[in-house]
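Participant: Spelled out from the first residue to the last, the chains are:
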Amino acid sequence: MAKLSRRKIAALWASELLKGRDITGQVAAYLVESRRVDEATLIVRDTEIALAEHGVVVADLTSAYALSADSREAIEKFLAIKMNADKVAFRESTEPSVIGGVRIETAGRQLDATLKTRLNQLKASKI
Amino acid sequence: MAELSVTELSQELRDAIAKLDVTGDLETVGVVTRVGDGVAWVHGLRSAGYSEVLLIEGSNGETVEAFALNLNEDEIGAVLLGSDEAVRAGAKVTLKGTVLDVPVGPELLGRVVDPLGNPLDGGPAIMAKQRGLVEREAVGVIGRKHVHEPMMTGIMSIDAMFPIGRGQRELIIGDRQTGKTAIAIDTMINQGRQKTGVINVYVAIGQKLSKIARLVERLKEEGVMDQTIIVATGPSDPASLLYLAPYAGTAMGEYFRDNSQHALMIYDDLTKHAVAYRQMSLLLRRPPGREAFPGDVFYLHSRLLERSAKLSDDLGAGSLTALPIIETQAGDISAYVPTNVISITDGQIFLETDLFNQGIRPAISAGLSVSRVGGDAQTKSVKSVGSHLKLGLSQYRELASFAQFGSDLDEATKSQIEKGQRMTELLKQHQYTPASVWEQVASIHAVSEGAFDKVPVSKIKEAQAALLTRLWTDHKKDMQELTKGNEKVSADSKYAKLIEKTAKTVAKGFED
Numbered sequence: 001m002a003k004l005s006r007r008k009i010a011a012l013w014a015s016e017l018l019k020g021r022d023i024t025g026q027v028a029a030y031l032v033e034s035r036r037v038d039e040a041t042l043i044v045r046d047t048e049i050a051l052a053e054h055g056v057v058v059a060d061l062t063s064a065y066a067l068s069a070d071s072r073e074a075i076e077k078f079l080a081i082k083m084n085a086d087k088v089a090f091r092e093s094t095e096p097s098v099i100g101g102v103r104i105e106t107a108g109r110q111l112d113a114t115l116k117t118r119l120n121q122l123k124a125s126k127i
Numbered sequence: 128m129a130e131l132s133v134t135e136l137s138q139e140l141r142d143a144i145a146k147l148d149v150t151g152d153l154e155t156v157g158v159v160t161r162v163g164d165g166v167a168w169v170h171g172l173r174s175a176g177y178s179e180v181l182l183i184e185g186s187n188g189e190t191v192e193a194f195a196l197n198l199n200e201d202e203i204g205a206v207l208l209g210s211d212e213a214v215r216a217g218a219k220v221t222l223k224g225t226v227l228d229v230p231v232g233p234e235l236l237g238r239v240v241d242p243l244g245n246p247l248d249g250g251p252a253i254m255a256k257q258r259g260l261v262e263r264e265a266v267g268v269i270g271r272k273h274v275h276e277p278m279m280t281g282i283m284s285i286d287a288m289f290p291i292g293r294g295q296r297e298l299i300i301g302d303r304q305t306g307k308t309a310i311a312i313d314t315m316i317n318q319g320r321q322k323t324g325v326i327n328v329y330v331a332i333g334q335k336l337s338k339i340a341r342l343v344e345r346l347k348e349e350g351v352m353d354q355t356i357i358v359a360t361g362p363s364d365p366a367s368l369l370y371l372a373p374y375a376g377t378a379m380g381e382y383f384r385d386n387s388q389h390a391l392m393i394y395d396d397l398t399k400h401a402v403a404y405r406q407m408s409l410l411l412r413r414p415p416g417r418e419a420f421p422g423d424v425f426y427l428h429s430r431l432l433e434r435s436a437k438l439s440d441d442l443g444a445g446s447l448t449a450l451p452i453i454e455t456q457a458g459d460i461s462a463y464v465p466t467n468v469i470s471i472t473d474g475q476i477f478l479e480t481d482l483f484n485q486g487i488r489p490a491i492s493a494g495l496s497v498s499r500v501g502g503d504a505q506t507k508s509v510k511s512v513g514s515h516l517k518l519g520l521s522q523y524r525e526l527a528s529f530a531q532f533g534s535d536l537d538e539a540t541k542s543q544i545e546k547g548q549r550m551t552e553l554l555k556q557h558q559y560t561p562a563s564v565w566e567q568v569a570s571i572h573a574v575s576e577g578a579f580d581k582v583p584v585s586k587i588k589e590a591q592a593a594l595l596t597r598l599w600t601d602h603k604k605d606m607q608e609l610t611k612g613n614e615k616v617s618a619d620s621k622y623a624k625l626i627e628k629t630a631k632t633v634a635k636g637f638e639d
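Just so you know, the protein sequences line up as chains A and B, in that order.
Numbering (this note's numbering) for the first sequence: 1 to 127.
Numbering (this note's numbering) for the second sequence: 128 to 639.
Next comes chain A alone, as it looks inside the complex (with noise of 0.2 Å):
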């Protein structure tokens, strides 16, 4: 049989994840029948691609400190008008060693706002 193409399997598994059925275990069953389980990361990458663009978000948030509701309601805004979402959820983390702000990654684009880039973007740029 053919190696089923990541982004075809990522359609399908985002599918029918919309349609509420989970068939997260038969996605596993396959990787490890297929032996692509390697893969397992970047297929959940392109399903959350796939589910962007049905207007389903997950977003990983990371800042330095936990964001205030204020704040994430802000960014869960931003994400529905810029990436055209009805649904928007967030996996959040901190890590002190970004300094200050935020950095949103979802779905293959990322705003990366925290001060940790911007320090790094001054020193590279020489000033």
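Think of the hints as simulated: they come from the structure by calculation, not from any bench.
Mixed in with the good hints there might be a few duds.
Listed next, the in silico BS3-like pairs over lysine-lysine satisfying Cα-Cα at most 30 Å (straight line) [stated by the list, open to error]:
1. 581(B) with 615(B)
2. 123(A) with 223(B)
3. 611(B) with 621(B)
4. 123(A) with 219(B)
5. 219(B) with 77(A)
6. 581(B) with 322(B)
Nothing here was measured: the structure is a model prediction, and the numbers come from that model.
Based on the hints, put chain B in the right spot on chain A.
Facilitator: Quick look at chain B alone, frame taken from chain A:
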């Protein structure tokens, strides 16, 4: 409504800019899944275009550039423009939003740069006002004109037998150590000596850096470096840079072509270019074809050489001439890359090892070399003396091989062989001594009209030197006029009589 004035408008605009709330936007990112051998595989970045530049976050905080060559369903194969040591799996990749471009313009003259336009000569950064696309479509049919102006190489055998015109692509092909680069360098030097104003762009593809350094020194000595750009890549550079070098060099040459000037491209050599592309293609998992080259190796060179053109008057009548070099193995011109480039170009100059070893240098094979479009571009005066040269020489070489058997020969054959020997001797030319038009015309006319028939073959070069000195001292004005190339040197012309008379006088001093 309040009346608007220009000053208010500009003030309002400034205020609006000051107040503008600049928020970041979501940028497309991908991630490196695998990296090695100068190739990175990237997940994501579905909007990336072919040949688009990717920026990969390096492990040391620096950004490594790459360009996308394989756009697959699940991943992108990108070729790194720098070292792959700084790139790790998991690194973030963003799109630069542009395809590859290089600085172009007169600021590059006299400089040695890499294929990305960075200086390699230790000089200051290149502050070019313009940038040119590395991959650019060639000019269409309407934008072109037939090749009609000469591109003098200063090498008698080429200018007389296989003339090259501005906008032509003439291949220089031969085994290793047959003087291919020497022809190209002499042509560059001749542009300086004859003050043609032609800009030289020398593209070194995987050449030894010591060789490039020697070339730069020589060009400086000859005073040609001011009108030369050198795009250099060494054998230790990544294959991606070797692959880009000729395209980047062409972009630099095209600037002059498009600004009504004339440029000469030398690609030294396209065999190494094809090998670099083969390496990249195999690493990108593209299926190998003949000699393990990928399927599009013809397109690789045809799209490059098609950019050399003579532009129409509407586009400024500029030109870009190309002298690609191909190295053959044991004289095999039927290998894959040589046949491809032979069919793409407008002719080839074939150099033979045997001739080179016999001391006939440049070792140009009269039988296998050809110039398909240069005839119209040949200088009138050279054409008038060199029209029968090619046939005569080819016949002589054939007769000479028969004569080796030592049988008795009739007078006509003997005289043809002797004339051939003299002509062959005359066409020998040392490196770095390109001849001007009048020198070529006078030398060839003197030998072909039989003025040197009594001079022994071994003394032909001396007699030629004496003739040229005599003509220059006694008839400088005439020779300067002749060098313009507009005069035909036919049997009854003033120049023909002048040359024959002087040659006969000079020849007396060299007869046995």
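Participant: Could you work out which of the previously given hints the structure breaks and list their numbers from low to high?
Facilitator: Structure breaks hint 6 only.
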